[in-house]
Amino acid sequence: MMKDKKGGRPKLSPAEKLKYRIPVRLCTQDFYDLKAKAKTAGMNCTELARLAITGCRIRQRLSPEQMDCIRKLSGMGNNLNQIAKRANTEGYTNARNEYLHLADKIDI
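Heads up: the sequence shown begins at 1 in the UniProt record's numbering, then just goes up one per residue.
Calculated directly from the structure, the hints in this document are not laboratory data.
Heads up, the beta-carbon is just placed ideally off N, CA and C, and yes, glycines get one too.
Wrong hints could be hidden among the right ones.
[Claimed, not checked] Cross-link-like lysine to any residue pairs, in silico, SDA-like; alpha carbons within 20 Å at most:
hint, residue 1, residue 2
1, Lys35, Arg61
2, Lys17, Arg50
3, Lys17, Cys45
4, Lys19, Glu47
[Unchecked claim] For each label pair, taking beta carbons as the anchor points, the in silico distance ranges come out as:
hint, residue 1, residue 2, range
5, Phe31, Met76, 42 to 48 Å
6, Ile106, Ser63, 16 to 22 Å
7, Phe31, Asp68, 28 to 34 Å
8, Met43, Gly8, 20 to 26 Å
9, Tyr99, Thr46, 49 to 55 Å
10, Lys72, Glu16, 39 to 45 Å
11, Asn97, Asn44, 50 to 56 Å
Please model the entire structure based on the sequences and the hints provided.
This is the structure we're talking about:
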């Protein structure tokens, strides 16, 4: 006899289930402040309010400029690691020029 396989999302435990709804009234300014904070944090208003109630610190998302800087620094670090590996295998005199060039780029 074959058992029917249940697909889909697993059931939440009673502790994880969100079963209480609290209606909240806000003035116009507070409502738009809440929407703006939720947008900068990258979540909806309900999630933001839930995290604020539990005492979590809500952080703003990284801007595209910050992400670009992090990506560039990561690439430079990768290049430095490759230069260090080459310096250890071939000798330090060959890799010195590349290292100095990259160090100047990082200082900018």
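Run through the hints listed earlier and report the numbers of any the structure violates, in increasing order.
Nothing - there is no hint that the structure violates, so all of them hold.
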